[in-house]
Each structure stands twice: as C-alpha cells, then as structure tokens.
Amino acid sequence: MANEVAVIERGHAQVMSLEQVERVANAMARSAAFGVKDPHTALILCLLAQDEGRSAVAAARDYHVINGTPTKKADAMLRDFLASGGRVEWHHLTDEVADATFSHPAGGSVRIVWDEQRVEQAQLKNPMHTKFPRQMKRSRCVSEGVRTVYPGATSGLYVPEEVADFADAPAAPPAPQPKRAADLKPSPRSTTPETWAEEQLDRIADAQTAEELDAWEAGAAKAMAKLCKAHPELHGEVSAALAARRETLAAGAAEGAGE
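So the sequence shown is numbered by the numbering used here: it starts at 1 and just counts up by one.
For the record, the hints were derived by calculation from the structure and aren't laboratory data.
Just to be clear, a hint being listed does not mean it is correct.
[Unchecked claim] Simulated DEER-style distance windows between Cβ atoms:
id	residue 1	residue 2	range
1	53	132	30 to 38 Å
2	252	23	28 to 36 Å
3	121	205	37 to 45 Å
4	120	91	15 to 23 Å
[Claimed, not checked] Quick list of in silico lysine-lysine cross-link-like pairs, DSS-like style, CA-CA up to 30 Å:
id	residue 1	residue 2
5	226	125
6	226	73
7	229	73
Backbone N, C-alpha and C define an ideal beta-carbon position, used for all residues, glycine too.
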C-alpha cells in the first residue's frame with residue numbers, strides 16, 4: 001500500500017492510488033481544462049480535492065490556477081460554508097456594492113461590505129472590476145466573510161479574483177534607509193516559517209487602516225500561498241489575525257462615523 005494516498009474521510013469520494021490521481025492530473029493538464037496546463041499543478045489540486053473527501057474531478061470544478069497559484073472559487077467556498085452550518089444574509093448585491101452578513105455557530109457573525117470606495121482604497125486595477133463589478137465585489141465579499149467566521153471553508157486558499165488582483169497590485173514602496181547602527185546588521189540569509197509568520201502577525205497588528213492591510217496582503221500573496229502548502233496551520237493563524245484586524249478597524253471606523 002506504499003503507493004496509496006492517505007486521506008481523512010470527509011466525504012463519499014473513493015480514495016484513489018497516487019498512480020490513478022496522476023493519470024487524472026495528466027489528462028486534466030493535456031485538456032487545459034479550467035486553466036490548468038501544468039500536470040504538477042493539476043496533481044496538487046487533485047490531491048487537495050481528495051484530501052477534502054472529494055473526487056479528483058472536483059478539483060477542476062472547485063479550484064482554479066491563477067498565475068501559478070492554486071485558488072478556490074467563491075461559489076465553492078460559499079457552498080462549503082453553508083454546508084457546514086453557516087448562514088449568509090445579503091443586504092445589497094449590485095454593481096455598486098456587495099453587502100452581506102456571514103454567521104456560523106463556531107465563528108460568530110460579521111458584516112462585510114465591498115463597494116467602490118474599498119476597491120479604490122485597495123488600488124485594484126484589474127479591468128474585470130469595470131467589466132463585471134457585481135461579480136468581482138461578490139467574490140471579494142464571500143472570501144472575506146467566510147475567511148473571517150469559518151476559515152475552514154476556504155481550504156486555506158484565496159478566490160481567483162483576489163489572486164488576479166494581487167498580480168496587478170502596485171509595487172511596495174522601497175524600504176527606508178537604515179538610520180541606526182543596529183539597522184545596518186545584515187539580515188539572516190534564511191528565515192524559518194515560524195519566524196516569518198510571527199513577523200507578519202506583528203505587521204498586521206501594527207496596521208492602522210484597511211489600506212495598509214490591503215497593501216500587506218498584496219505583497220505577501222505569494223509567500224502566503226507557499227506557507228499554505230507547507231505549513232497550513234501557520235497560514236491559518238496569519239489569515240485569522242488578518243481577518244480579526246480588519247474587523248477591528250472596520251468597527252472602529254463605524255464608531256467614528258457614528259459620533
């Protein structure tokens with residue numbers, strides 16, 4: 001049984017051997033279905049689907065690859081969220097705004113709003129925001145809402161629209177020149193995942209505006225994708241901290257507007 005994939009049973013999909021999964025992945029890559037052209041990427045998506053108790057074919061239905069980064073479609077996130085006991089109440093869903101309250105017994109309730117102001121603040125330049133504004137805002141709203149109250153439904157991934165926006169995000173400003181002797185010490189050549197995650201937690205906690213969080217998220221997208229694959233528990237911790245900080249800043253902004 002050395003060639004068999006060990007999977008925690010979460011659904012009714014039959015567990016396939018690694019050889020069988022590889023055949024499915026190669027077929028998926030040859031067909032270039034759903035944006036997957038690389039067999040290695042297709043294999044990762046198939047294994048991810050099987051790990052969640054789904055058939056390998058579900059990888060093509062629920063996941064997508066954007067700029068080499070695996071993503072989970074917003075519809076799949078929302079479906080898994082609702083299947084796990086979550087609830088969504090849509091207040092507004094138009095080209096101008098996606099406004100919904102997400103609730104889950106394990107994670108509480110949060111209201112997420114994505115409107116033109118947030119798109120501008122996040123400096124999202126993807127032309128799809130102009131062509132399909134309602135769908136893009138809806139995907140962002142679903143991803144943030146689900147990730148906040150029940151991150152397990154995201155599978156540790158972002159939606160395709162978010163990853164596409166990461167690629168179009170403006171480059172981070174250059175680091176300031178060191179002013180103290182201590183700043184002149186060279187950084188270590190390698191950083192452990194644990195140390196990197198701790199640094200990101202500090203940066204998230206120091207953020208004072210939603211724009212700063214958006215800039216951090218865009219700059220850390222690739223590193224977070226790698227962290228998700230190698231250390232999902234650290235990825236979950238950083239993602240949870242990001243969602244919590246967003247909620248705190250949003251609550252503070254709401255209180256300030258009401259005064």
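*Violations among the numbered hints*: 2 and 3
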